[in-house]
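A.B. asks: Protein chains in written order, with my numbering: chain S, 1 to 445; chain X, 1001 to 1325.
Take the hints with a grain of salt, since some may be wrong.
What the hints assert, rightly or not - With a cut-off of at most 27 Å between alpha-carbon atoms, the simulated BS3-like pairs for lysine-lysine come out as follows:
(1) K256(S) / K1268(X)
(2) K322(S) / K1262(X)
(3) K1171(X) / K315(S)
(4) K1244(X) / K296(S)
(5) K1268(X) / K379(S)
Claimed, not checked - Chain S is nowhere near these chain X residues, computed Cβ spacing over 10 Å in every case:
(6) T1011
(7) H1044
(8) Q1070
(9) D1092
(10) V1113
(11) E1120
(12) Y1223
(13) S1230
(14) R1265
(15) H1283
(16) I1286
(17) G1313
No lab work stands behind these hints, which were simulated from the structure alone. Backbone N, C-alpha and C fix where the C-beta goes; we use that ideal spot for every residue, glycine too.
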Amino acid sequence: MALSGLDIFKLLPRTNCGDCGVPTCMAFAMKLAQKKAELGECPHASDEAKDSLGAASEPPIRLIKIGGANALEIGNETVMFRHDKTFFHQTGIAIELLTSEDIGDLKKKIEEIENYRVERVGEELFIDLFFIRHNTDKKDNFLETIHAAQNFSSKGLILDCPSIETLKKGLEICKDNRPAIYLREAATNQDFELAKTFNASLILFADSLESLETQSEKAREVGFSDLILNLKSRNLGLQLQDNTILRRSALRNNFKPFGFPLFSYIRGATVYESLAEASVLLCKYDSIIVLPEYSKALLYALFTLRQNIYTDPQKPIQVDPKIYPIGDPTPDSPVFVTTNFSLTYFMVSGEIENSGISSHLVIADVEGQSVLTAWAAGKFVGETVAKFIKDIGLEDLVKTRKIVIPGFVSQISGDLEESLPGWEVIVGPQEASDIPSFVKNVQLT
Amino acid sequence: MAFEIPKDNNTGQVASVRLGATPDLGGTRSHTITVGGSTALPFHFFEGQFPSPPIVAMEVFDRIPPKFPQPLRNYFENVLDKPGDMAKKCIDEYGADLISIRLEGTHPEKGDVSAEEAAEIVLDVLKSVSVPLIISGHGHFEKNNTVLKKICEITAGENCLFNFVETDNYKTIAAACIAYNHTLVAQSPIDVNLAKQLNILLTDMDFPLERIVMDPLTGALGYGLEYTYSIMERIRIDGLSGDKMLSSPMLVNPGYETAKVKEARTPKEDNPDWGELPERLAHWEIATAMSLLITGADILILYHPETVKAVKGKINDMYQTPKDE
Ligand code: B12
Ligand code: SF4
């Protein structure tokens, strides 16, 4: 439960020394209560204060890191619904590697996955982790796979190995890169010790809420807290329900045993079922999703969903309103205009590039809305577009006096011409994908 | 502290809406389908009742949409221009629960098909399948009204779901739906207040709430999906909190929206990192559909047979949950 300012004040030294940067202990307590300060800023706090406040000021869902330099960060979420604020740490996507596969093939696969990056709306999308499942009884297969993953990729690793001796050897190899250990059974003290020794996080396995709670409590007793929760449910409906219960308990009741990120291994009967399950669990609270197959078609859809769900609902992804050169435009090159919604900008600029011509792309400021949305909101109409064009100095930059507008807003062409004397407005195609054929058939300057 | 499952006590309930009419109800359908009725957020079985699982419709067309994606054409090749046969295939082979007939060809700029011809097509589909029907129109007010009014008339008593009316154009079609015993989709552009306002306008003209389905309007995955996702969650939360004007079941169009986007037609050669087109198209529609399913969609209109299979499979799977307990 959150402590009030007064509760916190009682735990402070009450000397008003000011070392924390605020004049009084009371003022500092208020800041703590509002989560605008951290207890560490008071150098005189007692151990007792640290204990009681530490627990209360911990985030309701712990932040966990997996991996080395560019570690994946998961957890530390604060809301059930993205519209309540936003989701902060997007779901990490892992691809499974089986150690029974030929090591040469594995190396190729690791390299390929390492190099696989897709761009969408200016963001680079990629796979976050490898899930290494040891499914032979040869220790070397496991160790070679870990070596390969370490040598050919920078991604974080999750290790799944039934033999604790082999696992130890594997952890030895990657202990500097914060691996995660996947458990197949209820955790024992030995598991906690192992994770502690190798600086790893531990993915608890349970088939009931009770078992999960017991294990999580046990970890707490031995002072281990880098946990991830894997609650196995019988079907997707129950899993959705369990995930909701876990997240709600952590956020609403501050129930500590469940205050950790969630994990799922996807096991669809077909690739389509896999994607269906992954989509649901990505939206509803999983922080790690392991996919058994590496399918680009599937991943591109899943990445896009992740981008959608983890976008801050308060601010659409937008680009700076200005004139963008596409290719190497000269003052004689044609001019296109659209809005500063990132998606719109990237689609249109991409298609102009595809068409092979150089041009000036005017990106008007409509607070990050799509063409039709901005038009419907009165932000992308003749007058405002004309004003933007004048203010930004397009008339000094180009010699041409023709401008191409999006086909969906053909109705603004009259007003635009009126507000922009000397200019001719050309109505472009509705879909950006028709720009390449359009530029071949129409005189643009 | 002992663990206790934190439950919500909802005072509201999603309205139950019945689609279709059997002979004893004045229609010719072999069965009716009821949607809605839930008392908690989707799939929260631990704190509510879910009498009617979400349903999946597939769509047939008065005119083949010019940009209909190639991978889908491969499934429907010889029936794409025969709405009756296509409807039958969707039901018998692909397992759709009901059929939507999209009359976009009646739009003056998209074929200007006459109301009479559209009526013929609807009658043909009505004859070839026995499930309830959705009649989907377009945004050209005048023509849409003429066409849908006519269809209301010739399908009198069938309790079709007329898709859609909007705030600036609802009276004609709503009146016809009352007169001929049909159900209605109230569409509003991704906005809680506009959705509510339209339901108020409709009930003000005595349109019964049990005959309204809301369409919060969706973009495809990657094209504004996140806005719809959140608006649907907010609508459902408000509805369950007791706001009757936001308690209607919801309908979404993942198929129609996905078929429009670039990812539905760019071949792999143009963008190797996007993967194979036929699979990508199915994945795109599945991700759109599944995310909307868990925010409260009660009726999903889908295009891709693989999507129908995956989504229906998951709905069945998920709805076993309460029976298992
Ligand atoms: C997501 C969305 C929203 C989001 C905003 C998203 C955003 N950041 O812009 C929200 C929920 C906020 C929203 C709000 C509204 N929306 Co809205 N929204 C949509 C939706 C679903 C998708 C829009 C989108 O992202 N499209 C993708 C982008 C890439 O498309 P685009 O910018 O048009 O670009 C394409 C083309 O135009 C072309 N192109 C772009 N630039 C250029 C330039 C040139 C030169 C060329 C040749 C081509 C070209 O290329 C792109 C790809 O082909 C559409 C419906 C739909 N399915 O399309 C409705 C839609 C645009 N919205 C609509 C409306 C009415 C509204 C509201 C007015 C409703 C309201 N009263 O609240 C508000 C307005 C906002 C405000 N009051 O501030 C209507 C517009 C109707 C109309 N024709 O006038 C639509 C069409 C829905 C509908 N059918 O009613 N909306
Ligand atoms: S540093 Fe600590 S003791 Fe000093 S004023 Fe701040 S809270 Fe009080």
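A.B. asks: Does each hint fit the structure? Answer for all of them.
C.D. replies: Right, here's what the structure says about each hint:
For the proposed pair K256(S) and K1268(X), the alpha carbon gap of about 47 Å is over 27 Å, so the pair is violated. Distance restraint check for K322(S) and K1262(X): the Cα-Cα separation of roughly 26 Å lies within the 27 Å cut-off, and the hinted pair is therefore satisfied. Straight-line distance between C-alpha atoms of K1171(X) and K315(S) comes to about 36 Å, which puts the hinted pair past the 27 Å bound. Note on K1244(X) and K296(S): the hinted pairing is violated, with a Cα-Cα distance of about 44 Å set against a maximum of 27 Å.
A C-alpha spacing of about 37 Å is found between K1268(X) and K379(S), which places the hinted pair above 27 Å, so the restraint is violated. No Cβ of chain S approaches the Cβ of T1011(X) within 10 Å, the least distance being about 19 Å, so the stated non-interface status holds. For H1044(X), the shortest C-beta to C-beta distance to chain S comes to about 6 Å, within the 10 Å cut-off, and the non-interface label is violated. Against the 10 Å criterion, Q1070(X) stays outside the reach of chain S, whose nearest CB is about 14 Å from its own CB.
D1092(X), annotated as away from the interface, keeps every beta carbon of chain S farther than 10 Å; the closest lies near 21 Å. The beta carbon of V1113(X) sits about 21 Å from the closest Cβ of chain S, which is more than 10 Å, so the claim that it is off the interface holds. Every CB of chain S lies more than 10 Å from the CB of E1120(X), the least distance being 30 Å, so the non-interface label holds. Distance to chain S contradicts Y1223(X) as a non-interface residue, since its nearest Cβ pair spans about 7 Å, not more than 10 Å.
Not every C-beta of chain S lies more than 10 Å from that of S1230(X), the closest at about 4 Å, which undercuts listing it as non-interface. Annotated as non-interface, R1265(X) brings its C-beta within 10 Å of a C-beta of chain S; the closest such distance is 8 Å. Distance check for H1283(X) against chain S: the nearest CB is about 4 Å away, which does not clear 10 Å, and the non-interface claim fails. Not every C-beta of chain S lies more than 10 Å from that of I1286(X), the closest at about 5 Å, which undercuts listing it as non-interface.
At the 10 Å boundary, the C-beta of G1313(X) falls inside the reach of chain S, the nearest C-beta of that chain being 6 Å off.
Checked against the numbered hints given earlier, the structure breaks hints 1, 3, 4, 5, 7, 12, 13, 14, 15, 16 and 17 and satisfies all the rest.
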